[in-house]
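Residue numbers (this note's numbering), protein chains in the order written: chain S, 1 to 655; chain X, 656 to 992.
Do not rely on the hints blindly, as some may be mistaken.
[Said to hold, decoys possible] A few chain S residues that face chain X, going by a derived Cβ cut-off under 7 Å, partial list only:
1) ASP57
2) ASN90
3) THR94
4) ARG114
5) GLY115
6) MET126
7) ARG518
FYI, nobody ran anything at the bench for these hints, they're computed from the structure.
Even for Gly, the Cβ is constructed at its ideal location relative to N, Cα and C.
This is what each chain is made of:
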Amino acid sequence: MQLDDEHVPLRSGAVHYWRLPVESWRPALEQIRSLHLPMVESYVPWSVHEVAPGEFDFGERDRRKDLGAFLDLAEELGLRVFLRPGPHINAELTHFGIPPRVLEDPECQAKSPRGNPVLLYFPPRMFPVPSYASEAYLEEVGGWMKAVGRVVGPRIWPDGPVVLLQVDNEGGFFFRNGPFCQDYHDDALGLWHSFLAERYGDLESVARAHGAEYTGWAEVSAPTVFDGSEGPGALARQLDWAAFHEALLSGAIGRIRKRMEHAGLRAPTVHNVSLGDGGLPVSVPSLAREVDLVGLDYYHPAHEMQTVKRRTLYLAGTCATPYAPELGVGAPPWFTPLSHHDSLTTALTALAYGVRGFNLYMAVDRDRWYGAPIDADGRPRNEASDWRRLLHALEQMRFHELERRAEVALVWPREYARLARACHLLGAMSPATLEALGGTPIDACRSDRLGFDEPIQLAWWELLERMAEALTAANVPYVYVDSEAPAARLASRRVVFAPAFELASAERWERLLELAERVHVVYGPHLPSLDETLRPRVFDRPGGAPPTRVTHEMAHALVHDWVDRFDLERPYAALPPVDTSVHRRGDEDVALFVLNPGSPLTAEITLPGPTLAEDVLTEERFEGEERLQVPMAARQTRLLKLDIRKRRPRARAPR
Amino acid sequence: MISGNLRFEGFDVTSWQNLLSLFMPGLRDRVVRARQRPAGTLTVVVDEDDLVLTALHSLDGRTDAHTGQELPPLRALAAEAGARRVLVLRAGAMEELAERVALRYQPGQDYLTQTLTVARAGRELADAGLVRLWPNPMASVPIPSPQAVQRAMDLVLPVDKAALLVLWDGELWTAVALRRRREGIDLVAGPDLLSRWAGPLGGDWRRDHRVFVDAVARAVAPVHLGIFAEAATFRALLSSSTPGRWAKAIAVRDVVVNPMPGFVAAALSADAVRGVGQVSARALDGLDVAGLVLPIARMLRGRVLQAESVRDILGFDPLSALAAALRRHERSDDTEP
């Protein structure tokens, strides 16, 4: 983050001021500094500050709630501040930090297909979740933001320490994001019609696409069950509904951001996407049009290293600044238990594959949490030393300025992700929930072909997995790029692989055609013939090449062909299951991550020349002329600082 | 059950993991469990004609072995998938469950009532054939009312009282104090807080336990039940089903229970009597004395609400009797406490 002449890395630690005695604020913030973190982060909880409808306590009655004093202290100690005023914050607060009076207002509640409130079963209380479409809810949010603005507005940089603001939190419809969970609120149905009008132009076109006879918008109902197997019209309506969810959420985030600005909360903005992003009705590129930075949250056991890899490669491919607004250190008591090893391995793995900035959540312990490196009195726990060493190393190597190069991109086709969500069969146990529990978002998809050659809702995912496996085996760095990400995210690659079946987004295809003029584009197994509204369309061949059908064996052959034809770089190659990831400043190799997702072994890494490497956590040193031997524990990620004094000019790894 | 104002604090990552490892030893071993069979749950979604739409193993992920086919017998399906249990859902059952729960939602309901509402709606779906579980040991167990659960909680941990568990492994290994208020458990305090409340300790846990009891009484609420032991001892006891183990451990002070509420005393008495029976049986060439004392154990359970102490119930101290018996008949190969 550039603040005048100052370059501030986006590295922060979470401290919840209202949960700590005021006397603990100073030692806690001093410990944040001693962890080499330049920023502190906190939520601002609506339900805690609102003492009566429209009446707020910001320290007048309870000193713990004196947000202004907390911000002033952070500034005094030289810390920048990242604030997250919600309205939804979770923070393991009852009702996720939203006042019960708002949640119990039927006008504010999201609605189920039968018009019931949509409940989130979550300890210590089940509650009705608010509707992202509800005007009444957004009106309430505006009132809350005005209250926050009075305290925070005058303290925004350059007048104060606040440099970053988050808009809402983990916008995944409050974890009730199955395809037909919500939102059937009247305001949502109004937005559904507006969405269709914009997508198709007019009611007549909508009727044609849906294979229906609509005489007015009121007849264009939202689907409440999957009926996509009944024909192209029904399937088109399902795809519309899945796309609408993404638009509804992004639109709401944009509207909340505007209310924040209106309240004087004007600073760069962030939104964070929760676990299970592969199955969420959330479009990262669409959110990125509403806020300045979109990031992913990370809470993983060490054995989910491959999931962390996939998520981070998506983030690094899709977003210019890969950021983790919540890099979990510890966890709430009702979450999968996470050890220190889990948190540290997840952090290292996310950094390995491209995360550049992060917020350690939590840095300081508090109610309904365990595992923070600093206790609630502001004293470092044993685990703090590992974090301090890691953060110090990142600071020393100016990690935020480094680059992980990936010459190959796999396109993440949003229209197929929507189809997969529409085909989900487990309702509230949504694709995102399955993924967050360690599965994949297609685990509970119906497998009908829906009139296509194969079930696209399953095939796209399997195809990407196959390509990723082949690229990993060949030690070729790659990323995933969301099909709706800015064109520049793909244009900088040398090879782009795009899954393509009978249907495809026309907009995506146009971009692929343009891209193919500069980049080698491979697509398949089909040349599409239907757009994403299932209307017939002529699709040209990107680069004039025919579609490629990729079997398991072919994926490996294809990748080796790319390596030969394009002289793709395969730096620091290692035998599977070990993976490596190098981060550079210009042509200088600065940091090397070595990752072992399996059992203990000794990794043998091909070097570009004589190299001395030092593990930043254990201080072990490894030296080699052509190869580096590094003992790896099970499910371990090491960050090695490379000694460039002993380096020769880089040579390419032999095949 | 749990209060909306629940506070959970005072754990570091190690002490929390240690506590969980006692009661959920397999929770963190997903990688290991994935290799053991049978393990996990196979969830199958079927249509109205019982044709399989999709199937998902909780450890292995998606499986398409029977997609499009008629649902096989659940026992065979479990064996084939290496699953410990099979959950069959009619397509739309999850949505139906959500609607039924939402219909009964009332603002201000406590978590216990909410949980029982979900359980009842689930039972209705099972009765309607929309949900099937194999095996289903709970099929005939009635879902209790919130009042019945409250009464049970009143026995285990009365309102405005605390329960305490402290375990050592050379040093403090883990600890937890729970406090119950009218609306449920409102405090779960870990070793950081307990150590602060207790202050300096002598280093001998059999003495130090009193310091914890007094500290929690001062800082939280009077202690209704306190359990203190070495971690290894407690872990072994949790996994042991041998009659008399608990009673023996308490008798020889491998475990200290202080204070000991009536229901624990009665349970321990039953355990002790059964243990004495087994020891006696060995002494009497295999005569099953345990079978003779079971009616006494049942009687004890019946009197549990009136029980104030073991001695009141039995007229003698069974723990002392057990300890004496054990001293006479200690088995040389007995490695468990």
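Now the hints, each set against the structure:
no. : hint   : result
1   : ASP57  : 17 Å, violated
2   : ASN90  : 15 Å, violated
3   : THR94  : 5 Å, holds
4   : ARG114 : 5 Å, holds
5   : GLY115 : 9 Å, violated
6   : MET126 : 4 Å, holds
7   : ARG518 : 38 Å, violated
Consistency note: the structure conflicts with the earlier hints numbered 1, 2, 5 and 7.
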